[in-house]
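Engineer: Start from the sequences, fold in the hints, and give me the full structure.
Protein chains in written order, with the working numbering: chain W, 27 to 108; chain E, 3 to 429.
Calculated directly from the structure, the hints in this document are not laboratory data.
Each hint should be verified, as a subset may be incorrect.
[As the list claims (entries may be wrong)] Derived BS3-like pairs: lysine-lysine, alpha-carbon spacing no greater than 25 Å straight-line: (1) K88(W) with K117(E); (2) K55(W) with K58(E); (3) K39(W) with K114(E).
[Said to hold, decoys possible] Covered by chain W, according to a simulated footprint, are these stretches of chain E (three or more residues, beta-carbon under 8 Å): (4) 52-61; (5) 121-134.
Glycine included, C-beta positions come from ideal geometry on N, C-alpha and C.
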Amino acid sequence: MAETVTKEQIKEKVTEALVELGADKDAIKPEAEFEALELDSLDLVELAQIVEEEWGVEITAKDMETLKTVGQALDIIAERAS
Amino acid sequence: MSRRVVVTGVGAVSPLGVGAPALIDRWTAGECGIEDGFGRCDAFDPAERLTRKEAKRADRFTQLAQVAAIEALEQAGFEDAGIDPERTGCIIGTGIGGINTIEEQHDVLGEKGAKAISALAIPMLMANAASGSVAMRNNLKGQCYGTVSACAAGAHAIGAGLRMVQYGDADACIVGGSESALTPLTEAAFAVMAALSPTGVSRPFDARRDGFVMGEGAGVLVLEAEEVALARGAEVLGYVTGYGATADAHHLTAPDPSGEGAARAIRAALKDAGVEPEELCYVNAHGTSTPMNDRAETEAIVAALGEHATEVPVSSTKSAIGHLLGAAGAVEAVATLLALRAGVAPPTIGWEEREEGMDLDYVPGEAKEMAVRTGDQELAAVGGASGPAVANGASGSLPEDGPGRRIGISNSFGFGGHNAVICLEAS
Chain W
27 MAETVTKEQI
37 KEKVTEALVE
47 LGADKDAIKP
57 EAEFEALELD
67 SLDLVELAQI
77 VEEEWGVEIT
87 AKDMETLKTV
97 GQALDIIAER
107 AS
Chain E
3 MSRRVVVTGV
13 GAVSPLGVGA
23 PALIDRWTAG
33 ECGIEDGFGR
43 CDAFDPAERL
53 TRKEAKRADR
63 FTQLAQVAAI
73 EALEQAGFED
83 AGIDPERTGC
93 IIGTGIGGIN
103 TIEEQHDVLG
113 EKGAKAISAL
123 AIPMLMANAA
133 SGSVAMRNNL
143 KGQCYGTVSA
153 CAAGAHAIGA
163 GLRMVQYGDA
173 DACIVGGSES
183 ALTPLTEAAF
193 AVMAALSPTG
203 VSRPFDARRD
213 GFVMGEGAGV
223 LVLEAEEVAL
233 ARGAEVLGYV
243 TGYGATADAH
253 HLTAPDPSGE
263 GAARAIRAAL
273 KDAGVEPEEL
283 CYVNAHGTST
293 PMNDRAETEA
303 IVAALGEHAT
313 EVPVSSTKSA
323 IGHLLGAAGA
333 VEAVATLLAL
343 RAGVAPPTIG
353 WEEREEGMDL
363 DYVPGEAKEM
373 AVRTGDQELA
383 AVGGASGPAV
393 ANGASGSLPE
403 DGPGRRIGIS
413 NSFGFGGHNA
423 VICLEAS
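Structural biologist: Pasting the structure below:
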């Protein structure tokens, strides 16, 4: 299952999740920082739960400390989902 | 010397609609917001006033408080008032807190396990979420906390805010109460202790009353030091002049049948306000529609007000919206102040059958004008010529030589034996 996930699919799902969490859709870009999207640590925990439910990928609290941008999150998800 | 405290804004979300005008206008007209045994805020849509993110991060009790606070702060013109945020407090009470969230997340725990619990669970369910969220949204940086005293929480919040401003710890305080507990667990729990009305009818003080009807909503008032409000040219709606709070120390849920603790709270509020019983134009009762409360409260009013008890109109907002638990005291204080401003006592809807020994004027049928003393009568009363001059007949119309002081009290009592009474005066 995991092998079939494409970066595009991940990007699509993560964007959808971030919009659900309150981010402005047009501002969601790989280089966008979560802080600029007004997403905080609580939002990232929710994002991690969505990611885990969707692809079985675990993002730990320690990972989250280093995640600053949308692109970093997409990379870590893609890496662990493949 | 404590400072005089004015009210410059009020807001309410209730089963009668969104907004304080809907509450007072519809109740005064004798309309009831209870349907199928519950007082739901069906007209409330958080998306109308809150961002998607604000709404998502808030239990319904916090959403209700936020919208009531927006209304009150807008009326007060608070945003441009120039009041120092660090000199502005925020106290919002609740009976239970985020019970909707507790029940939802408990289901998630059972169905999906611990890892699926929302990161927002705690910030949404905590009972101080409403006060913290209102402070955050409106940049209120003074003392901020929630009061927790069951169905007296809203009144305790007003009392605590009153003291904060009177004492000078703050120049303004946003106070209120909020509750949204129309959940299966709450309903079952109140029902099993026979507190809820099995017929789903709220008719306080009526001989046929059989329990309370649960409602939801929020009420918020903006309290300010009079000097601060006048200096900025704010419109003064009225005054919070007195506060009295006591405990029954009798039983965890049943009121002291003598009403002794409640009577002490009424007396304390009047003394704090420097008001004689005869000066009261209106009593907004706790009036839950439970057999025990309404009888004990009647005893308390008689004990505290003496002969004036049977002359002053006494009505219960719960006849129109049900029992809003921790929001009740705040929503009812809003209703009391607006009723005093109109000089009209709204009715106890559904009151028809008198119970022996409960002989107050519960304002049956329809609203009635309050009897307001004129300045002359007040002078006569102060002079002690022939005892306190009371009322100006049944007509109650405002005298031609100018309106007298319109003073009322709002009673709130809570499980745990908490009694809190607020004395209000229209400007």
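Engineer: Determine for every hint whether it applies to the structure shown.
Structural biologist: Comparing the hints with the structure gives:
1. Under the criterion of a C-alpha separation no larger than 25 Å, the hint pairing K88(W) with K117(E) is consistent with the structure, at around 16 Å.
2. At most 25 Å may separate the alpha-carbon atoms for a hinted pair to count; K55(W) and K58(E) meet this at roughly 23 Å.
3. For the hint pairing K39(W) with K114(E), the CA-to-CA distance comes to about 21 Å; that is within 25 Å, so the pair holds.
4. Judged by the Cβ-Cβ criterion of 8 Å, the segment 52-61 of chain E is covered by chain W as claimed, because 5 of its residues qualify and three suffice.
5. Only residues whose beta carbon comes within less than 8 Å of a beta carbon in chain W count, and the segment 121-134 of chain E has 3; three or more means the coverage holds.
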